[in-house]
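Using the hints, position chain B against chain A.
2 protein chains.
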Amino acid sequence: MGVAHSSCALSSSAAIGSSSFTPPSPTYPCPSQLKPKLDSSVCFSGLSRTTQLRPTRLSSTLALQPPWCGAVGMETQETEFSLAPLSGVHGIDQELIETMLYDALVWSSLHGLVVGDRNSQRSGRTPGVGMVHAPFALLPMSFPESYWRQACELAPIFNELVDRVSLDGKFLQDSLSRTKKVDAFTSKLLDIHSKMLQMGKKEEIRLGLHRSDYMLDEQTKLLLQIELNTISSSFPGLSILVTELHRSLLHHYGENLGLDSKNVPHNSAVNQFAEALAKAWTEYNSPRSVVMIIVQTEERNMYDQHWLFHVLKEKHNVKAIRKTLAEVDALGELTPDGRLLVGGQEISVIYFRAGYTPNDYPSDSEWRARLLIEQSMAIKCPSISYHLTGTKKIQQELAKPSVLERFLDNKEDIAKVRKCFAGLWSLDDPEIIQKAIENPKLFVMKPQREGGGNNIYDEDVRQNLLRIQEEGTEDAAAYILMQRIFPKVSPTFLIRDGICHKDRAISELGVYGAYLRNKEKVIVNEQSGYLMRTKVSSSNEGGVAAGFAVLDSIYLT
Amino acid sequence: MGVAHSSCALSSSAAIGSSSFTPPSPTYPCPSQLKPKLDSSVCFSGLSRTTQLRPTRLSSTLALQPPWCGAVGMETQETEFSLAPLSGVHGIDQELIETMLYDALVWSSLHGLVVGDRNSQRSGRTPGVGMVHAPFALLPMSFPESYWRQACELAPIFNELVDRVSLDGKFLQDSLSRTKKVDAFTSKLLDIHSKMLQMGKKEEIRLGLHRSDYMLDEQTKLLLQIELNTISSSFPGLSILVTELHRSLLHHYGENLGLDSKNVPHNSAVNQFAEALAKAWTEYNSPRSVVMIIVQTEERNMYDQHWLFHVLKEKHNVKAIRKTLAEVDALGELTPDGRLLVGGQEISVIYFRAGYTPNDYPSDSEWRARLLIEQSMAIKCPSISYHLTGTKKIQQELAKPSVLERFLDNKEDIAKVRKCFAGLWSLDDPEIIQKAIENPKLFVMKPQREGGGNNIYDEDVRQNLLRIQEEGTEDAAAYILMQRIFPKVSPTFLIRDGICHKDRAISELGVYGAYLRNKEKVIVNEQSGYLMRTKVSSSNEGGVAAGFAVLDSIYLT
Chain A
1 MGVAHSSCAL SSSAAIGSSS FTPPSPTYPC PSQLKPKLDS SVCFSGLSRT TQLRPTRLSS
61 TLALQPPWCG AVGMETQETE FSLAPLSGVH GIDQELIETM LYDALVWSSL HGLVVGDRNS
121 QRSGRTPGVG MVHAPFALLP MSFPESYWRQ ACELAPIFNE LVDRVSLDGK FLQDSLSRTK
181 KVDAFTSKLL DIHSKMLQMG KKEEIRLGLH RSDYMLDEQT KLLLQIELNT ISSSFPGLSI
241 LVTELHRSLL HHYGENLGLD SKNVPHNSAV NQFAEALAKA WTEYNSPRSV VMIIVQTEER
301 NMYDQHWLFH VLKEKHNVKA IRKTLAEVDA LGELTPDGRL LVGGQEISVI YFRAGYTPND
361 YPSDSEWRAR LLIEQSMAIK CPSISYHLTG TKKIQQELAK PSVLERFLDN KEDIAKVRKC
421 FAGLWSLDDP EIIQKAIENP KLFVMKPQRE GGGNNIYDED VRQNLLRIQE EGTEDAAAYI
481 LMQRIFPKVS PTFLIRDGIC HKDRAISELG VYGAYLRNKE KVIVNEQSGY LMRTKVSSSN
541 EGGVAAGFAV LDSIYLT
Chain B
1 MGVAHSSCAL SSSAAIGSSS FTPPSPTYPC PSQLKPKLDS SVCFSGLSRT TQLRPTRLSS
61 TLALQPPWCG AVGMETQETE FSLAPLSGVH GIDQELIETM LYDALVWSSL HGLVVGDRNS
121 QRSGRTPGVG MVHAPFALLP MSFPESYWRQ ACELAPIFNE LVDRVSLDGK FLQDSLSRTK
181 KVDAFTSKLL DIHSKMLQMG KKEEIRLGLH RSDYMLDEQT KLLLQIELNT ISSSFPGLSI
241 LVTELHRSLL HHYGENLGLD SKNVPHNSAV NQFAEALAKA WTEYNSPRSV VMIIVQTEER
301 NMYDQHWLFH VLKEKHNVKA IRKTLAEVDA LGELTPDGRL LVGGQEISVI YFRAGYTPND
361 YPSDSEWRAR LLIEQSMAIK CPSISYHLTG TKKIQQELAK PSVLERFLDN KEDIAKVRKC
421 FAGLWSLDDP EIIQKAIENP KLFVMKPQRE GGGNNIYDED VRQNLLRIQE EGTEDAAAYI
481 LMQRIFPKVS PTFLIRDGIC HKDRAISELG VYGAYLRNKE KVIVNEQSGY LMRTKVSSSN
541 EGGVAAGFAV LDSIYLT
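Chains as they are written, first to last, in the working numbering: chain A, 1 to 557; chain B, 1 to 557.
There are no misleading hints in this set.
Below, in silico cross-link-like pairs of lysine-lysine (DSSO-like), each with a Cα-Cα straight-line distance of 30 angstroms or less: (1) K319/A to K262/B; (2) K319/A to K502/B; (3) K262/A to K315/B; (4) K315/A to K262/B.
Okay, the calculated bits of chain B under chain A, using three or more residues with CB under 8 angstroms as the criterion: (5) 109-117; (6) 127-140; (7) 301-314.
Quick caveat, the hints were computed from the structure, so don't treat them as lab data.
Even for Gly, the Cβ is constructed at its ideal location relative to N, Cα and C.
Bound conformation, chain A alone:
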């Protein structure tokens, strides 16, 4: 959800940002040396709208500030902010770093802040073997409190927006009709959606466990949405551990650093997600039923998932089973009244940690399972409608003028949502195409299809646009152009495989949202913790970032 989403982002693709920890191979650096070339005082008028909104002052000096500048609470947002992890990061005593590093590694091991080691063959299948600490930043990243509050406030609004959009089947089908032609994956999802529409299938109990990702744009001083995950929002389990790790480190060493652990906001993502799942289970109202997690065959990020279901079991006494889509196809059946049985066990809630990428559907078997699930009366997290609502194309549609107004009533809410949208255009606007050819560094070309990780930057933007202009191919429909976001690059200590790397890094804030409603009323609609991810920013201006992402938390300033 949320239009656009440039992507000088860390792993903003669904495949990466959602479930796997390894960054996608072709992500891109946000070299800080680009910044001097841009005038941060100018304004990107109307660029967060779609092609219908023509930029009025687009020139070689691009206006990066959107038209609503100053309209909604810009006073706070225009205050100088810094993403530096610590003002004195260069000055920290080496011995202190080493002590904190050792303590942090120990803390991670004792508290289950772990992932499967990619060097271990069995680590993606068997829990308890081949474990290594999850990559993490040694210290929390500074984050201005006003932006933090803004991101938190947006969570329940996005929850509601997803729910409203999901109910408009015609809007989803119409908006995605062109995408359907160029993207087989979305096409298959749409087929299932169509069948449900034909059947008149209604999801009366709806559960959403979302994560909206943002970056702070140095140019516009705006919190801009990168993407909103409506399926497989990852790291609710590990994110709270990194928060606790940082609070513990600052509790013990904060005095030496001039930092106070109280400024790291509490994080209860996994508890709130587990509670929402438990409440959904209760709504379904079948005491012997279980929750089913749809998983990939191999999953090195399994401990993040295990944390969620550990809390669900220990705190709420709700049991869960793990199945691949292929297993659901093999073992699943519907009772005459629409209940889903898998291996004879009734499933009340289905939580997807797979199924968001074409790779998860290697055969018809997986598609049959997805259809079976959708046909059942089990609560899906997400339903096919929620899933489609999170596609890039729908995000683009929602950014068109007056579209948000079709789904949200509250004008303040609409303004808040619109304010975090970055610029986004389709390739049928010749004027934008021309500007992008002239200033490719200010745009990102993104393929419409899911899976991500194939974004195009810099000179490649120019070359691709020239080719499309010349050939007049159908390819134009397969891409969108997006405003490029320039987050601040800061020196950071990134820990991976027990080794501390000091490097220049950028950060992305994810805010979780949980939503549950039944036929009568909304039961849960809340912001549910957060995830900070920090990624090495390559200094190779024209190249592709080889850097890696780590889990982080925030230090409010």
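Using the frame of chain A, we list chain B on its own:
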């Protein structure tokens, strides 16, 4: 401490039982098929005493029951007991086993029940990398409550006994004078001890963190002590996790198994050890001082240690540093008033998780460090006297008639201690030698020297005794003969490297004890949690057990 200690035991050597998890290579099977050859109703009169006490009815049908049979609470101990993990272990549903196995592996990973993987090169040095779940038994081992209470009651008595013996420098020196000639390691320890005696050095604040290990002997129906560790008592951290793991599994699956999690006694070993360390730190009374852990260069069982110092830091706000003996030699110094500084930092308490085996002293450097530590006013856990009190030879001396009476006042306490001593003899008793040659299966030959793992069983006992008789060598002083203990062999599920092995196993109960006193009074003297270890019992009667040990807990019956 505690005489004797036969050793059909799992890793009863200091090197193994204390700190490392891998069982010693030459341990021995307790084949259950041997049992029919023994008459469990007969009595091993006086055999728990030393050579001075001549067995009265020793014949080809050996009397396995000690002379105090029936004297002290034998009513309860003679009731039938079972070490079977579950009465219906064979009948457990395979699917339930697999579910519990998966859950247990997840639980271990999330809760820091981990060790360094021996397949990972860095796992012994760098925390957070190359982790694997600690080997564990899937279910707790049955243990009769009366024996459990007996073992718990013994803990504070052994604590006091160690303290009293440690104060009698002449007793230690005299008792170990022969050992000194055949064992270079003990000799070096004695040299340091002599120097302290000459200096008139007194340890006014004394801290002991002990673990007394027992087995239930099927023949005598007695709880018999295997050994008492006065240095580097390992697994206070991981043992409580296994207890919690078992309680969690029984909470969720106990109903299917007919087991109640309430029957697994709570375990707070790590909390009590941390509290004792914190109180020692307080007694030393120097707020800026830290605790120092003496560690080996490589330690795959580091997380057990980390748990202890994590609790010390988080709960008691006492910091600790980790140093090898070589590092202490390089960085350590004494102030004129006897304070120990290491790298300029004052050390209040020294906790040894290394230094118990000759391997930990590869050069003079380590011995210099040990001497430096001993000369300092820091609180040693253990002091050289406590360390020596835990040697096999002292255990043997204490088992001689009237020796316990020199150190303990309370007659009931003396009786309780004596009751758990197994039979132990030196090789200068021709009658016992003859009996052992005739019935080698009922004895174990143990070398006096520390390090263990070189025990001699069965036909090898006969061959070695015959050789010693013939050659009349000095070797006789290097060995002791011990009553062999026959613990019950039970089918058990042992989990290692994510794989569940169903095998025949024997178990050993370790009960922790914490003791702290200053010049005026005893501050802590308590039983401090427990450790159950279960080990595969090879069915190869004449061979050496290739089995492995796992962490376990107990199920009171």
